[in-house]
Amino acid sequence: MAKSNEIKHREPLFHVVKRDDMPQWQAWLIRCATILIGFLLVGILSMAITEESFGDTYQIIFSGVFGRLFEGRTTMLWKYLQEIAILLCLALALTPAFKMKFWNCGAEGQALMGGLASIFCMINFGEKLSYPALIITIIVTSIIAGAVWGVIPAVFKALFNTNETLFTLMMNYIATQIIAYYVYIEGGGSNVINPVAYGNFPAVGNNDYFVNIVTVAAITVFMYIYLKYSKQGYEISVVGESQNTARYVGINVKKVIIRTMLISGALCGVTGMLLVAGKDHSINTNLVGGQGFTAILMSWLGQFNPFIMVVMTAIVVFLRIGVAKVADTSHLNSSFSEIIVGIVILMLVGCEFFIHYSIKFRHSKKEVKA
Amino acid sequence: MTKQPAIELKNITKTFGKVVANKNVNLTAYRGEILSILGENGSGKTTLMNMISGIYFPDEGQIFIDEKEAHITSPKDAFSYKIGMIHQHFKLVDVFTAAENIVLGIENGKYNLKESMNEIKSISSQYGFELNPEKKIYTMSVSEKQTVEIIKVLYRGADILILDEPTAVLTPQETEKLFDILRRMRDDGKCIIIITHKLHEVLSLSDRVSVLRKGEYVGTVNTAETNEAELTEMMVGKKVDLNIHRDEPKNTRDRLVVNSITCVDRTGATVLDNVSFAAKSGEILGIAGIAGSGQRELLESIAGLQRLEYGDIFYFDPKTGKKESLRDKTPVQIRNMGVRLSFVPEDRLGMGLVGNMDIVDNMMLRSYTKGKSFFLKRKKPKDLAMKIINDLEVVTPSASTPVRRLSGGNVQKVLVGREIAASPTVLMVAYPVRGLDINSSYMIYNLLNEQKEKGVAIIFVGEDLDVLIELCDRIMVIGSGKITGVVDARTTTKDQIGLLMTKSDNDGKENGNG
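Just so you know, the protein sequences line up as chains A and B, in that order.
Just so we're aligned, residue 1 is where the first sequence starts under my numbering, counting upward by one.
Just so we're aligned, residue 1001 is where the second sequence starts under my numbering, counting upward by one.
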């Protein structure tokens, strides 16, 4: 008994308490505050490295995104929207799979395959088919290519319960190598495919990206309705929340997994098509440029709500372009922008902790006499 | 002899978000006594004990051990204060032997299994445990596993023992054995705290009873000076009639006939072995048995969720009298055949409902496929949700609150409400009142009685034998996947059912012991 009396214990300095009751507006206040702090940090970090003033830094960031006043403004804005569209489209593609708790980490590869289908059609059928027929062929083949790339891991998951995270990741590497090989063959050893003149999406007005932006806007609305108001969307939620419940009510879980990954892969394929036919008119292994992974975060930060995802991608793309301009102006490495965006995303993920938990510091004791 | 306080709690408060789990609780437990902590589910019993055993830390208040203030920040600290807790869910390594589990994680001293074995044997003989220390955990029955847990904390020198609902998984006979052991420990000067919500156990075992209600300390009484009615009133806060209403069954006719079905699980072990019985309309058929004896598989077989190896299940349509086989049918096929089979599974939020969806969306689970439209129709489910909230007095901020935010009783009302709204002809319920407060439990009993009155065939899987005996018409006992007997609930006794529950176990090991 003496032993237990020797133990000296102090109450810990703080402990973490779970909370389940924070009202929505308060949660959003925390998120907005985090974004503000993130922006401040961006300015401060840039200042420290580039030795520009805070105001100048932000002037560079804004000019990087929107262009200087009266000068090239519209084109810059459209470029910004186009970048948002691509990242958003990938995030939207991932969302149904994530809602089903199928961790599709293969957006990169699925989009690459979609892009490959587009460039293949543009090169091989460009001269043979009429413009409308070519466009339709491009659309159909890229959707199929993305869907196939997405559905392979889904079939294995449904039949053999393989781990989809690893499977989809591995499929990325295969896709990258296929593209590398194709570029090598088609580029005649130069490892570059020159922009193809056929099968490009039309410019509307003076704007090359109009088709891309409108397409993704439509997909955003479609995905919102699909997830919230359709029977299939409901099934996705049930399967994601509890496969046992799904079994209990008679949902065919395998069918839902395969169907949902067809949709997810198809939309990634569409993104690849938008990148090839709507923007680059060429292809290389860096076509998607890691955005397939950023999109995972966008889908999560948007809480699987397409409209919140619009806001999140807008912020992230804003920083990416703006800080890249800062790096450019100060002759810094392009990694600078990626580091900064990474920090802000990390902050956004981290702030969720304060929404779900509160921290209680060592309390003043209520004195009780023994 | 003056009583020596072993542990004292002063003004303990613990909150989880807005939920106050414990509020200003004061409690004293003495050496050489058995103290019962009595309270309904959700009254904060387990939270309170978790603070003593170092799992949670109190927001306010102090804990005194042997009249000195103690800060227990981890289970390790609790052990150094000689506090041992036996949890409801056992924490043992399946592939290790009993002895290996017992010595696991002890830091000082060398790993000497032989020496430990001797010590385990001496503890066993001192208190009357029956345990083979070399037996592997996965071959053990629930009560043997519990024995390992108790010896584990004694081996570590605990002299304050906390047991969280230790009898929930035991047969009446095993319960008696456990109580004898606990009494011996008490006489040895240990302080025993037992968490329970079963009144008759409190009265037969403990010296004093402390009652909690909605996280607040109500009072402590000496067991000798109290009775069931007074304790219930302390627990619930008002007088409650504890009799369960039961009518004679009318117009009973075979509704569901299960014909020697056999099922195996994924590992190839037989979980249902040649099970045959009939469920009759207008009657409540109780199913008793030790947890995990095949009850779940039995209900899931009928619901079309479990593949049958042998046997068949027949449904007799109440209108046409037609006999239809349910074998190898999926839940959807069964529904499309016009069989109105409702099923309240044991795992409410993991199977019967979706915790993150609101009440309206949960109402749709069974019916959303109706119609050819691509889109969902939320009008009818919404009306149904409102009706259930009103009729069954579901306490919820609104129909669009995720059901996981509701209390256990309200979750169950939502689930049972939905299943009954489908106007079933067969209603299967698994542990429908587990975790419910007394008022909600009685509401569920009444709903089942109403369905019985309407001529529904009800299958009730339960764990509380007192309830089964009072509510059901017939009770079927299942042991290790076999039916070991069917008794008339009006004439049977708890001991008879208890013996049937373990019958097949003995058959297997000792080649017919009765």
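These aren't lab readings, by the way, just hints derived from the structure by calculation.
Virtual Cβ for every residue (Gly too), placed ideally from N, Cα, C.
Possibly wrong hints are sitting among the right ones.
Simulated restraints, written as ranges between beta carbons of each label pair [what the hints assert, rightly or not]:
1. B:D1265 / A:T165: 26 to 34 Å
2. A:I339 / B:R1307: 14 to 22 Å
3. A:A33 / B:F1016: 21 to 29 Å
4. A:L166 / B:G1292: 52 to 60 Å
5. B:T1013 / A:E51: 51 to 59 Å
6. A:G342 / B:S1373: 38 to 46 Å
7. B:T1013 / A:F353: 21 to 29 Å
8. A:M170 / B:G1157: 51 to 59 Å
9. A:A33 / B:D1347: 37 to 45 Å
10. A:A27 / B:D1347: 26 to 34 Å
11. B:D1265 / A:W25: 26 to 34 Å
12. A:A33 / B:T1013: 27 to 35 Å
13. B:D1347 / A:F353: 44 to 52 Å
14. B:N1356 / A:T165: 43 to 51 Å
Cut-off 30 Å, straight-line C-alpha distance, at most; resulting in silico cross-link-like pairs (BS3-like, lysine-lysine) [to be verified]:
15. B:K1003 / B:K1198
16. B:K1023 / A:K18
17. B:K1023 / A:K101
18. B:K1238 / B:K1198
19. A:K18 / B:K1091
20. B:K1177 / B:K1482
21. B:K1023 / A:K255
To give an idea of the chain B side of the interface with chain A (calculated C-beta under 7 Å), a few residues [claimed, not checked]:
22. A1168
23. P1172
24. L1305
25. Q1306
26. Y1310
27. M1351
28. V1354
Hint check:
no., hint, in the structure
1, B:D1265 / A:T165: 26 to 34 Å, "holds, 28 Å"
2, A:I339 / B:R1307: 14 to 22 Å, "violated, 55 Å"
3, A:A33 / B:F1016: 21 to 29 Å, "holds, 25 Å"
4, A:L166 / B:G1292: 52 to 60 Å, "violated, 34 Å"
5, B:T1013 / A:E51: 51 to 59 Å, "holds, 54 Å"
6, A:G342 / B:S1373: 38 to 46 Å, "holds, 45 Å"
7, B:T1013 / A:F353: 21 to 29 Å, "holds, 24 Å"
8, A:M170 / B:G1157: 51 to 59 Å, "holds, 52 Å"
9, A:A33 / B:D1347: 37 to 45 Å, "holds, 40 Å"
10, A:A27 / B:D1347: 26 to 34 Å, "holds, 30 Å"
11, B:D1265 / A:W25: 26 to 34 Å, "violated, 49 Å"
12, A:A33 / B:T1013: 27 to 35 Å, "holds, 30 Å"
13, B:D1347 / A:F353: 44 to 52 Å, "violated, 29 Å"
14, B:N1356 / A:T165: 43 to 51 Å, "violated, 22 Å"
15, B:K1003 / B:K1198, "holds, 27 Å"
16, B:K1023 / A:K18, "holds, 18 Å"
17, B:K1023 / A:K101, "violated, 39 Å"
18, B:K1238 / B:K1198, "holds, 17 Å"
19, A:K18 / B:K1091, "holds, 24 Å"
20, B:K1177 / B:K1482, "holds, 25 Å"
21, B:K1023 / A:K255, "violated, 50 Å"
22, A1168, "violated, 23 Å"
23, P1172, "violated, 32 Å"
24, L1305, "holds, 6 Å"
25, Q1306, "violated, 10 Å"
26, Y1310, "violated, 22 Å"
27, M1351, "holds, 4 Å"
28, V1354, "holds, 4 Å"
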